[in-house]
Every structure is written in structure tokens, then in C-alpha cells.
Amino acid sequence: MSDSVKKPLNMLQKAVNKDVSVRLKNDQEYKGKMINIDQYMNVILVDAEEHSNGALSANYGKIVIRGNNVLFIKIETDL
Amino acid sequence: MSDSVKKPLNMLQKAVNKDVSVRLKNDQEYKGKMINIDQYMNVILVDAEEHSNGALSANYGKIVIRGNNVLFIKIETDL
Amino acid sequence: MSDSVKKPLNMLQKAVNKDVSVRLKNDQEYKGKMINIDQYMNVILVDAEEHSNGALSANYGKIVIRGNNVLFIKIETDL
Amino acid sequence: MSDSVKKPLNMLQKAVNKDVSVRLKNDQEYKGKMINIDQYMNVILVDAEEHSNGALSANYGKIVIRGNNVLFIKIETDL
Amino acid sequence: MSDSVKKPLNMLQKAVNKDVSVRLKNDQEYKGKMINIDQYMNVILVDAEEHSNGALSANYGKIVIRGNNVLFIKIETDL
Amino acid sequence: MSDSVKKPLNMLQKAVNKDVSVRLKNDQEYKGKMINIDQYMNVILVDAEEHSNGALSANYGKIVIRGNNVLFIKIETDL
Amino acid sequence: MSDSVKKPLNMLQKAVNKDVSVRLKNDQEYKGKMINIDQYMNVILVDAEEHSNGALSANYGKIVIRGNNVLFIKIETDL
Chain A
0 MSDSVKKPLN
10 MLQKAVNKDV
20 SVRLKNDQEY
30 KGKMINIDQY
40 MNVILVDAEE
50 HSNGALSANY
60 GKIVIRGNNV
70 LFIKIETDL
Chain B
0 MSDSVKKPLN
10 MLQKAVNKDV
20 SVRLKNDQEY
30 KGKMINIDQY
40 MNVILVDAEE
50 HSNGALSANY
60 GKIVIRGNNV
70 LFIKIETDL
Chain C
0 MSDSVKKPLN
10 MLQKAVNKDV
20 SVRLKNDQEY
30 KGKMINIDQY
40 MNVILVDAEE
50 HSNGALSANY
60 GKIVIRGNNV
70 LFIKIETDL
Chain D
0 MSDSVKKPLN
10 MLQKAVNKDV
20 SVRLKNDQEY
30 KGKMINIDQY
40 MNVILVDAEE
50 HSNGALSANY
60 GKIVIRGNNV
70 LFIKIETDL
Chain E
0 MSDSVKKPLN
10 MLQKAVNKDV
20 SVRLKNDQEY
30 KGKMINIDQY
40 MNVILVDAEE
50 HSNGALSANY
60 GKIVIRGNNV
70 LFIKIETDL
Chain F
0 MSDSVKKPLN
10 MLQKAVNKDV
20 SVRLKNDQEY
30 KGKMINIDQY
40 MNVILVDAEE
50 HSNGALSANY
60 GKIVIRGNNV
70 LFIKIETDL
Chain G
0 MSDSVKKPLN
10 MLQKAVNKDV
20 SVRLKNDQEY
30 KGKMINIDQY
40 MNVILVDAEE
50 HSNGALSANY
60 GKIVIRGNNV
70 LFIKIETDL
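Residue numbers (numbering that gives the first Met the number 0), protein chains in the order written: chain A, 0 to 78; chain B, 0 to 78; chain C, 0 to 78; chain D, 0 to 78; chain E, 0 to 78; chain F, 0 to 78; chain G, 0 to 78.
Extracted from the complex, chain A is given alone in its bound form (with noise of 0.2 angstroms):
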């Protein structure tokens, strides 16, 4: 198995082009098409879709989330 144990940064770049939903900090949630994501979790969305309390707020062709603001990142799909 341990061939396939990946760090934490390692699994999240094998999760590019994958759907996934990014928790912010301020209980924001960011849904969409991960294009790209680096060390600090800078992430690039495409196809987001916000939502808050639960709620769709808004929906973005393309954005840039600053990593320090992410809680957590769920990965939708298997890897």
C-alpha cells in the first residue's frame, strides 16, 4: 500500500482537473473544477460555485482562492 500513501500536498495536486469543494475559514464553501493548486493551497477554480449557510450564493467562471483562508479541501472523486 505504501506506494500509493501520498503527502497531504502530493494528493491535492494528484486531485488537479478533479471536482472538488474548498471550506474556507469563514464557512464558505467553493465547489468547482480544481485547474491547478499550489504549496501554500493557492487554488484555481473553474465552474465555482459558492455557497454560504448552506445556500448556492454565486457562481464564478474563474477563481483564485488565497491558500492561508482554506480550512479544508474535499476531494469529490476517487483518486
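These are calculated hints, taken from the structure and not from any lab test.
In this text, all values refer to a predicted model and were calculated from it rather than measured experimentally.
Please note that the accuracy of each hint is not assured.
[As the list claims (entries may be wrong)] Computed list of lysine-lysine pairs in PhoX-like fashion (alpha-carbon distance at most 25 angstroms, straight line):
1) B:K17 x B:K5
2) F:K32 x G:K5
3) C:K30 x A:K5
[Said to hold, decoys possible] Just so you have them, the derived chain B footprint on chain A, three or more residues with Cβ under 8 angstroms:
4) 5-15
5) 25-36
6) 41-48
Heads up, the beta-carbon is just placed ideally off N, CA and C, and yes, glycines get one too.
Using the hints provided, position chains B, C, D, E, F and G relative to the given structure of chain A.
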């Protein structure tokens, strides 16, 4: 496709001279033309509108936003 | 005894593939199997339960928690 | 055009001896002549007005603002 | 006396395997045996009691507290 | 004029042994003679007055303020 | 006079084994004998009194305060 995939900071460099919206941690949003940006996400905006609670609250000819306040940057145009 | 005494980050490495609870600064708790962790305490959890105010609030197949949000990590099993 | 495009910190250097408004994270604003600024955005202002909730709240002959408090700096004049 | 004067981090190292109370910034307190600690004040506690508002609120067999949450560490025994 | 233009930290060094007011992020203000200051804006004040909500709240013979709490430092005298 | 002028961290070193009051960002104050201090302002206090809202709230034989919580340190005696 890999050629066109940029790291987040490179993507932001590509958006220089384009229209962006910069959402800050205090929930205010600044929309304008991004003249430049550095690796801390310090951003120069010109002809910027400040939006607070969804309403236009001020206009600025030129502002430099300190990067550590940035929540995300929305890129308004295709790159 | 000194042989079995690990530094905190080494102890966390030893807990990889074990069940843990990750308590965040916002008081939410994430319980699951810790697939990996790095020196910033960025954590990969699988089959994770989110607990808010003591009640189960969500389930996640796979999440990567950004380490700077971590309050403490409870190791559920003997190492 | 590329010759006149400055990085954010260089742009701020170019604004030395010009009038600026420094908005802080606590929402107070300091307007005055920027005598100097460094790479942390530590700023020296002279003949500065403090504005709180839109009203003039104090005057300062010379203050040094610690950069980490800065939200943005508005450059009042063309550079 | 100078021989017995330790720097704060060395003093904490000397308290390994002793009983301590770790007060966090959120005002919760964790009392237990400190198995190890590193230079960030990341702490391993075993047989730990969580105290909230002065009352026992939970017990933990083994937790690793992230150091940046620590307010102070009380050393319960003479060193 | 360029000879007399100092970087912010150099300007603060020039104010050593002068009267200053140190405004902190928590809105308290400390007025006294600045005996020394370093590059983090750690400040030594002697014969210091603490002002809270505009009123004198305490006197201190000698205090060392940790720089990261500083909002701004007002230099009371011409340099 | 220049010989007796110390940088803030050197001044704090000179106060080792003297009585100090350590005011934290959460407004609590810890008074005791400062056994040692390092460059992060991590402080060891012995025979320490905790004061909350001006009243004595606890006594501690020996505590190590994490430096990033410090607002200021009052030096009670002439150096």
C-alpha cells in the same frame, strides 16, 4: 492540455491588465483593472469600485491592496 | 523508555493509517482514518465524520485539512 | 506599455512624497503625505488625518504605521 | 545559580515525562503527562483531562496539541 | 531632500530618546520616552502613560511592548 | 549614555531574575519572577500571580508563557 495549465500565481500574472474582482477577508470587494500583482498577492487596481454588502460604496483611481487581506480573486475574462 | 519517546511530529507520522480525531480552532471535529500528515500538520482523512457541537454534521470520503487550523489531534489507538 | 508597469511595491515607492490614504484592517483611514515606505508596507505619513467612520477623528504630525495592519493604500495623484 | 537557569524551550524539555497543564488561547486547559514537546511547543499529552470554564469536559488517552494554540504551560512539579 | 528621507525603521531609530505615542491594535495607547526599538518594532518605553478610550488608565516606569501589537507610532517631536 | 542603551530583547535579558508583569493579548496579566526569556519572548515565570480584570485569579509555581501572546512586559525594578 498540460501546457495551458498554470500555477495559481502564474495564472494571476496572466490576468495583468484584465478586469478582476478582489474579495477581501472583511467581505468587501474591489472591482477594477489589475495593473500588476506580486507573489504575496499584493495587487494594483485602477478605476476600482468598492462594493460593501453588495452595493457600490466607493470609487478609487488607483489602490494597492496588501495581499494578506485577499480571500480570492475572480478573473472576469477568459485567459 | 527513551527509545519509544517520539517528537510530536514523529508521533503523528506513526499514527498514519490509524483512526484519529482532528479538533480545529473553530471547534469542529473531524474523525476518520489519517492517510497521511506532513510537518505543517496538513492531514489527509478518509471516511471522515464532521462533528459540530457534539453532533454528526457531515460525512466526507476524503478531505485534506490545512494544518494551521488544527487545535489538536487525538490518536484513538495505542501506538 | 510594459515599461510603465510596476510591481506593487515599486509602485508604492514611486508614490513617495505624494498624498495617499492608508486604510487599515480596523477600518480607520490615515490621509497624508507618504514620506517613505518599505517592503513590509511600513509607512511614514506626515500631516496625517485620521478618519473613523467617515469623520475626521485626529491629526498627527508624523506617524509610522506598521505594515501588517494595512488593508490598502490609495494613491491620490497620477504617477 | 547560572548553571540551573534554562532557556524556556530547554526548561520545557526538562519537563518531559512530568505532569503539566497546557492552557490554550481559547481558554481551554489540558492536564496530563507531557510525553514530548518540540521547538514550536507542539506537545504530546497522555491521560489528559480537558477543562472548560473550570469543569472537566473530556478525557483523552493521547493528544498532540499544535503549538501555536498554546497560551502557557504550567509545570506541576519541581524540576 | 533625499538625504533626509529615511526608511520607516530608520526614522524610528532616529526617534530613540524622544517622546512617542504607541497605538496598539487593541486601541490602547502608550505615551512615553522611547529608549530603544528594534526591527520588529519591539519598543522600550519609560515613564509611560497608558490611555484607554481617551482616558489615562495606568502609569509604567518601564515597559517593553512586543512589536506585532503595534498599529502605529506617533513621533511627538521634530527629527 | 549610549553604553547603557539596550535593544529591547537585551533589556529583557537584563531583567532575568527580576520581578516583571507580563500582559497578554487576552488582557490577563501574570506577575512573578522572570527566570528566563528568549528571542520570541517565551518567558519562564515562577511564583506567578494571574490577574484577570484587575483581580487575582490564580497562582502558579512555574509557567512558561508562549511569546506570541505577549502584549508587553513591565519591568518592576530599576536595571
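Status of the hints after comparison with the structure:
For the hint linking B:K17 to B:K5, the alpha-carbon distance of about 17 angstroms falls within 25 angstroms, and the restraint holds. Taken as a hint, the F:K32 and G:K5 pair is honoured in the structure, with Cα atoms around 14 angstroms apart against an allowance of 25 angstroms. Straight-line distance between C-alpha atoms of C:K30 and A:K5 comes to about 19 angstroms, which keeps the hinted pair within the 25 angstroms bound. A count of 1 residues in the segment 5-15 of chain A with a Cβ less than 8 angstroms from any Cβ of chain B is obtained; the coverage claim is therefore unmet, three being the minimum.
As drawn, the segment 25-36 of chain A meets chain B at 5 residues by the rule of a beta-carbon pair under 8 angstroms; at three or more, the given contact holds. For the segment 41-48 of chain A, the stated coverage by chain B is satisfied: 3 residues place a CB nearer than 8 angstroms to a CB of that chain, which reaches the threshold of 3.
Of the hints listed earlier, the one the structure fails to meet is number 4.
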